[in-house]
Amino acid sequence: MLVPSHGVLAQFRKYRVTQARERTENALKHLLRQATDGHVASFTSLQGVLRMSDRQLMGLTQRLEREGLVRSEGTQFQLTPEGERVALHVLRAHRLWELYLADELGVPIGRVHEQAERAEHGLTKEQLDRLSASMGHPELDPHGDPIPTGDGSIPESPGTPLGAWPPSTPGRIVHLEDEPPLAYAQLSAAGLRLGQVIRVIERTPTRVVLTDGENEFRLAPMVAANVHVAAVTTETAPAAWPDSVIALTRLRSGESAEVVALDPSFRGFARRRLLDLGFTPGARIRSDLATLAGDPRAYRLRGTTIALRREQSDRVLVKRLA
Amino acid sequence: MSVEHNCETCPVHAEMAPLGATVEAFDRVVALAGNPNTGKSTLFNSLTGLRQHTGNWPGKTVTRAEGAFQFAGLRYKLVDLPGTYSLLSTSDDEEVARNFLLFGRPDCTVVVVDASALERNLYLVLQVLEITDRVVVAVNLMDEAKRRGITVDTRSLSRDLGVPAIPIVARTGDNMMALVGEVAAVAAGETVTQPLRSKGTPAFEHAVTTLVPMIEAAAPGIPNARWIAIRLLDGDVPVEEALASGRLAELVARQQAPDARFSRKIALQGAQ
Amino acid sequence: MSAPIATTPSDIVREAAALRRSLDAGFREEVVTSLYGEVERLTRRAVQDSGSGPLELDQRIDRIVTSRLLGLPLMLVILAVIFWLTIVGANVPSQMLASAFFWFEDLAAGWFTQLGVPWWITGFVWHGVYRGLAWVISVMLPPMAIFFPLFTILEDLGYLPRVAFNLDYLFKRAGAHGKQALSMAMGFGCNAAGVIATRVIDSPRERLVAILTNNFVPCNGRFPTLIMLATVFVAASFPPAVASLVAAGSVVAIVLVGVLFTLVVSWVLSRTVLRGEASAFTLELPPYRRPAMARILYTSLIDRTLFVLWRAMVTAAPAGAVIWLLANISPGGVSLATRTATFLDPLGWAMGLDGVILLAYIIAIPANEIVVPTMLMVYMTQGRMLEIESMDALRTLLVDQHGWTLLTAVNLMLFSLLHNPCATTIITIYKETLSVRWTTIGALMPLALGFIVTMLTAAMARAWFGF
Chain V
16 MLVPSHGVLA
26 QFRKYRVTQA
36 RERTENALKH
46 LLRQATDGHV
56 ASFTSLQGVL
66 RMSDRQLMGL
76 TQRLEREGLV
86 RSEGTQFQLT
96 PEGERVALHV
106 LRAHRLWELY
116 LADELGVPIG
126 RVHEQAERAE
136 HGLTKEQLDR
146 LSASMGHPEL
156 DPHGDPIPTG
166 DGSIPESPGT
176 PLGAWPPSTP
186 GRIVHLEDEP
196 PLAYAQLSAA
206 GLRLGQVIRV
216 IERTPTRVVL
226 TDGENEFRLA
236 PMVAANVHVA
246 AVTTETAPAA
256 WPDSVIALTR
266 LRSGESAEVV
276 ALDPSFRGFA
286 RRRLLDLGFT
296 PGARIRSDLA
306 TLAGDPRAYR
316 LRGTTIALRR
326 EQSDRVLVKR
336 LA
Chain G
58 MSVEHNCETC
68 PVHAEMAPLG
78 ATVEAFDRVV
88 ALAGNPNTGK
98 STLFNSLTGL
108 RQHTGNWPGK
118 TVTRAEGAFQ
128 FAGLRYKLVD
138 LPGTYSLLST
148 SDDEEVARNF
158 LLFGRPDCTV
168 VVVDASALER
178 NLYLVLQVLE
188 ITDRVVVAVN
198 LMDEAKRRGI
208 TVDTRSLSRD
218 LGVPAIPIVA
228 RTGDNMMALV
238 GEVAAVAAGE
248 TVTQPLRSKG
258 TPAFEHAVTT
268 LVPMIEAAAP
278 GIPNARWIAI
288 RLLDGDVPVE
298 EALASGRLAE
308 LVARQQAPDA
318 RFSRKIALQG
328 AQ
Chain H
69 MSAPIATTPS
79 DIVREAAALR
89 RSLDAGFREE
99 VVTSLYGEVE
109 RLTRRAVQDS
119 GSGPLELDQR
129 IDRIVTSRLL
139 GLPLMLVILA
149 VIFWLTIVGA
159 NVPSQMLASA
169 FFWFEDLAAG
179 WFTQLGVPWW
189 ITGFVWHGVY
199 RGLAWVISVM
209 LPPMAIFFPL
219 FTILEDLGYL
229 PRVAFNLDYL
239 FKRAGAHGKQ
249 ALSMAMGFGC
259 NAAGVIATRV
269 IDSPRERLVA
279 ILTNNFVPCN
289 GRFPTLIMLA
299 TVFVAASFPP
309 AVASLVAAGS
319 VVAIVLVGVL
329 FTLVVSWVLS
339 RTVLRGEASA
349 FTLELPPYRR
359 PAMARILYTS
369 LIDRTLFVLW
379 RAMVTAAPAG
389 AVIWLLANIS
399 PGGVSLATRT
409 ATFLDPLGWA
419 MGLDGVILLA
429 YIIAIPANEI
439 VVPTMLMVYM
449 TQGRMLEIES
459 MDALRTLLVD
469 QHGWTLLTAV
479 NLMLFSLLHN
489 PCATTIITIY
499 KETLSVRWTT
509 IGALMPLALG
519 FIVTMLTAAM
529 ARAWFGF
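Quick mapping for you: the protein sequence lines, in order, are chains V, G and H.
Under the numbering used here, the first residue of the first sequence carries the number 16, and numbering increases by one thereafter.
Under the numbering used here, the first residue of the second sequence carries the number 58, and numbering increases by one thereafter.
Under the numbering used here, the first residue of the third sequence carries the number 69, and numbering increases by one thereafter.
It should be emphasised that the hints constitute simulated quantities derived from the structure, not laboratory data.
As the structure is a computational prediction, the values presented were derived from the model and not from experiment.
One should not assume that every hint holds.
What the hints assert, rightly or not - Label-pair distances were calculated between CB atoms; the ranges are:
| # | chain 1 | residue 1 | chain 2 | residue 2 | range |
| --- | --- | --- | --- | --- | --- |
| 1 | G | Arg283 | V | Leu155 | 51 to 59 Å |
| 2 | G | Arg283 | V | Gly63 | 34 to 42 Å |
| 3 | H | Thr340 | G | Glu307 | 32 to 40 Å |
| 4 | V | Glu270 | G | Arg283 | 36 to 44 Å |
To be verified - Which stretches of chain G does chain H cover? Using the computed rule of at least three CB atoms under 8 Å from a CB of chain H, they are:
| # | stretch |
| --- | --- |
| 5 | 124 to 134 |
| 6 | 208 to 217 |
To be verified - Computed from the model, here is a short list of chain H residues facing chain V with C-beta under 8 Å:
| # | residue |
| --- | --- |
| 7 | Asp79 |
| 8 | Glu83 |
| 9 | Gly139 |
| 10 | Pro141 |
| 11 | Met143 |
| 12 | Tyr237 |
| 13 | Gly246 |
| 14 | Ser347 |
| 15 | Thr410 |
| 16 | Leu466 |
Cβ atoms here follow ideal geometry from the backbone N, Cα and C, with glycine treated the same way.
All chains, please: the whole structure from these sequences, using the hints.
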């Protein structure tokens, strides 16, 4: 058990490769992103992402063209098929890493992008296949983005940007764009989560106002464009919890509750472990002990006392019992 | 339950004798599984006469300990496993337990449960019943449960589970003969069990039944193909790799040998 | 429907992936939920719970033991009481054993001389091997025979998981796992066992952190050293009425320093080579159980004590022999022991110790138990052949003849806490990590810390207090 992951840790460091390579791959990733969004990448847009001097960037783009990865028309750039293959590979690495960090290593979701950005470079296809297999060949990264498959196809990006979503129609959040990180930080600080059902109640040039039925979220249009929603199907409808559903952490000592669900964004090993311990819907639970810092806390569940850290009890949704 | 043991009249040691750590020649293998803190090691000590260290905290036993006892003329190797909540989630210690239950081919698995926390303990029992018929449930800590005002109807439990459930107090050795008798009968196949197994959704069952024959064809003689199928459906990478590289057979073979990763001395005595 | 005839493993894996897509994403969850549903049904039918007194009692105890105000202080008090009982209880038997053993050494050596056995055989057997053994037994046996049963009682009661619960927040802040407290508790007995006990930690990263820091818990091989130093040096400068309390207090302080180092090093590891976040933590707090006293006494005394003692003796006897040889082979009129010690002296001085102590640590790599006996034997062969009948004589030997100060004692306590693990532990680290690299780090990192810390304390003590 120790050795493979130790191997993963080793990869983590080993493949923090030269800046040049990172820049190449980041440029390709940007071109791919622009292409999928239906935009055309330009010298200026590349410069915005890569933060390089004119001269450096010129050198980079010339090299990419020489290597047959990129075609240029004036100041505009496009990926060649070979360039697209490489870009998809990097994107796959990025998204798989994000998922691995979030699910298996428990890195907070706001930090996975930054860490994956460092780790994504220089992994071989075999390594990615292994990583993908180790998580049961996932299809979406923690932000809801599709992960390109090993054969280089990319599942269609789900959902519609919030800007194009009809007002007052309930929509389920299927994707929170993680770039730029600042916008993503705002979204997660506002409390928007994957799977949440929201409606647009106001849209002006300066702001977009959403509601999930309880809270209102005010977002700048720029930020709102990073939220993608899809139609609510009957299957996903219960994702909006009523007021009475709270995080287990909020239960005061001595209070009893019934487990409603585990937060859908809570995945991987930690989720399986809680399920195995009997944190299943309908289970009776009582908040029992709290330590000095109020973290961890211990709960009575199924005849035993189980201690959990706050990060876990925050993800267990319960309903208070009288 | 066809074997009669009239222990009031027979001299106990004529039938049952601890053999300590002599595990070279044995007729049957018995595994001791259960949640942490259910008294597996205490039971192990009581049956083998060894002094495996016990302690009231989860993770006291992290390795496989082996001992032996003799009963009705047969020699039994007893394997004390680390406590585990489930056969699915695995830290290193739990993996030791899981691998042995799945691939160690024990003739009988004794699942030790805490009478005062049956609701937690039965989850593992049901999982073990999924993978093997030869199970005896030892309902331990009956005295503690009683002190807490909890009574367990082991007959009803036995009926519902379809395998023998024997109330015991491992610490005092209470009812040990009944347990050993039942273990012997199950291991010999004299007691025919009908373990409770719940079926999954039709789609799930279909997926499992598709995979099982494939696995059996790829790795002939592998125990618990059903479990492997479920793990593959779950996307369990160590299992995928073990299957692909043929290491599954090696894993099975390794369960027959003692846990070699640690010094036995440390496990038995130094590990205090 | 035509079933694919596929039997290669990769076909199976591919087929499994295809089938997985046909299942609901949450199928695993449904299986667990339905199993628990079944469990609840079974429990309702088989269990009758008539409301419970003792459980309430358990929970009331837990509320005190883990309470915000009392939880941590209570832990320290319990630890201090255990050490105090050990120190007070071990004092007299240690002295009695020592005088008995050394009385016999004289007697036996006398016989040998009378029988005309060559002096070097007498010296080798009685003043070398036997003396090493005698020291190990009289210094180690009494404290261990008291400490182990007391600690086992706590273990059997179910107190350890509460300690892990109380301390988890600190470990979390350090990027480590709360169950590290459990493997540390095992480390009190034996660091090799502590390293194995880290298997309960799910996350490989946190498990490595726990393995690498386990050595900061003084094991039973090092406790006697700490206790002896605390008793003979630290406590001796206080009035007799409070001396044992001071001794216990200083051992607790050293343990706390160890915990502090564990946390700091975990924190540093989590931010450098083992970068990552603290992961999930689930810990069952089992109900308290009445300890089986007779069994505890038996297993702690017979199994634990004798095992550790046996291990100490096996290494002490050859060590005794080596020291005797080093001390008595004198090319050019100066013994090898003295030469080596003199060579190590400058480093020892910088660390607030001396060359003999470092030499003892080198000889004692196989087992920490024999550090003090080794040291004493080298001292004794260097100076006049002094018999040590009591702890006072020991004090005289070290202070008057070899220039020990409070700084030497304190730094030796620190170095005893912070140095390379014994050979068994190093091998165990390798077996558990299967990595030469982590084994090397696990062996050398504490040693490096030991050098740094003792040099710093020595420098500060010399600069500020004029040692």
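Next on the checklist: Tell me the numbers of any earlier hints that the structure contravenes, in ascending order.
Outcome noted: 1, 2, 5, 7, 8, 10, 11, 15 and 16
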